[in-house]
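For the record, the sequence lines run as chains A and B. Just so we're aligned: the first sequence equals residues 0 to 146 in numbering that gives the first Met the number 0. Just so we're aligned: the second sequence equals residues 0 to 202 in numbering that gives the first Met the number 0.
With the Cβ distance kept under 7 Å, some of the chain B side facing chain A (calculated, not the full set): (1) 27; (2) 30; (3) 33; (4) 39; (5) 40; (6) 42; (7) 43; (8) 45; (9) 64; (10) 86; (11) 89; (12) 90; (13) 93; (14) 94; (15) 128.
I should point out that these hints are in silico values taken from the structure, not numbers from a laboratory. Glycine included, every Cβ here is placed at the ideal spot set by N, Cα and C.
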Amino acid sequence: MRRTFSLVIALLLSAAVAQAADLQQVGLVKSATGEAFIVRDGHRLGATPGTGLMQGDALTTGAHGSLGVILRDDTVLSLGSSSRTSIERFSYDPAQGSFAMVLRLSRGLIEYLSGKISKLSPGSVHIETPVATLGIRGTHLIARVDP
Amino acid sequence: MNPLSRRLLPLFLFFLTLVGGCAGPKASFILLPEENRPTGEVTVQNQKGAERLTRPFESVAVEGGGREPGRPVQLDPAAVREQYRALLEALPQPPVHYQLYFEFGSARLLRESERLLPEIARVVNARRPAEISVVGHADTVGTIEFNYNLGLRRATTVAEKLTALGAAPVRVDAASRGKNDPQVKTPDETAEPRNRRAEVTVR
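Excised from the complex, chain B in its bound form:
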């Protein structure tokens, strides 16, 4: 190496760092498997191009603002779990769902459904701070208005019973979909036990 290039080398490296630093933020994305569901799909897109992630533990990196997404690479599941352990542990448990059923034209719960309430109340308190959402539904016998009100009575009944059983959520939502969102599609004015229901979500 001649003396001149020896003197220029640090300068060159300095500029290289500067250019590298100007590249700005970088990003990477990893598709993870889902329990009880087929893995979904993620498209990574910017002005320069797009790549798709379709397999668990596939990853795409984008090395800077003006750079196209890199080709997907397959990562080692154990290495991903180890590297991102704190993040994975911070993920809350997914919500729990229950379906409760009612007598015809009434906000009285069927006995089997009534029996589920203590368990739901227990789950609410085990997941504190928890939110409860109850959506009431009706079958198609009667007017839209009647069934809207019936669905709402069903939802509020469930919410009241859960709090009476000691469930202490930070928030309760009770809503009605009346006869607009049946579990089983039927013609109008059809009695259908499976549509006389309330969906409870504990978050």
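Next up, chain A with everything else stripped away, as it sits in the complex:
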């Protein structure tokens, strides 16, 4: 029984509605300015602070937008204006030794500060762009894609 059970304590939180879907959450919107959206299953949602993020979500910002997010492995990200980044893959399960993160920056700017996946499993973090892929050990970086 080496599994780790993860439990969401819904009853503890009168303010928050914790659902089973929460277990799939990979992160949280911490801050947003201007036009900031999450594109999920083809629908566009407002990316307001406190919104949960799922694998497959694309984060987008408009000409005056920016976003700050934090992922479940403690990775911290910010998006600049006119940017689009999707969370292509995210797996953080220390009990199973399962670690993977693939982010795809299609346009604009992203700042990335690594969390635990990069620490526990060097080589498991990739940032894809239209012209090159980044393999990451550590670390802290800015990536920029101009159309």
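Position chain B against the provided structure of chain A, taking the given hints into account.
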């Protein structure tokens, strides 16, 4: 310049723009320093080649889809901070971690750990919207099942106490690793205070 080339020049420039425009997106990457950690490493790779960034403020550009990554160049830190100020300011604060310790075989916190709770609750509310994750652990005395349950009781106890102290996170996760992930490795059936713990992450 003869009349013919004068007439052809705009046409030539037009095609040049067209070819330039077809090059598609470009990218550039800058390695930044990390607080309290040595700078890591980034490999920039495509079908044409690969380059490595190993020093703070080193940068590599890729000038188009079919182009190899350029040679790393060293940028001026002040210029980078100025150019990307809005992006750098939008980066959330990194998470904060706490270790709390418990009495033997119990979900009762040691007094020093109990005293940390108000501070943790304060940090949660100062970082709104915040998430709390609590992972409970146990030493190796007892069965796997017993220690799994003990770790979970430790985690839920901490989560309950934090909310009772007024912490208002958007989400709480409580999980247990039982005796599978000790802070200090010991043989089975070994009492070890440092392994009777809960790790709290405030994001």
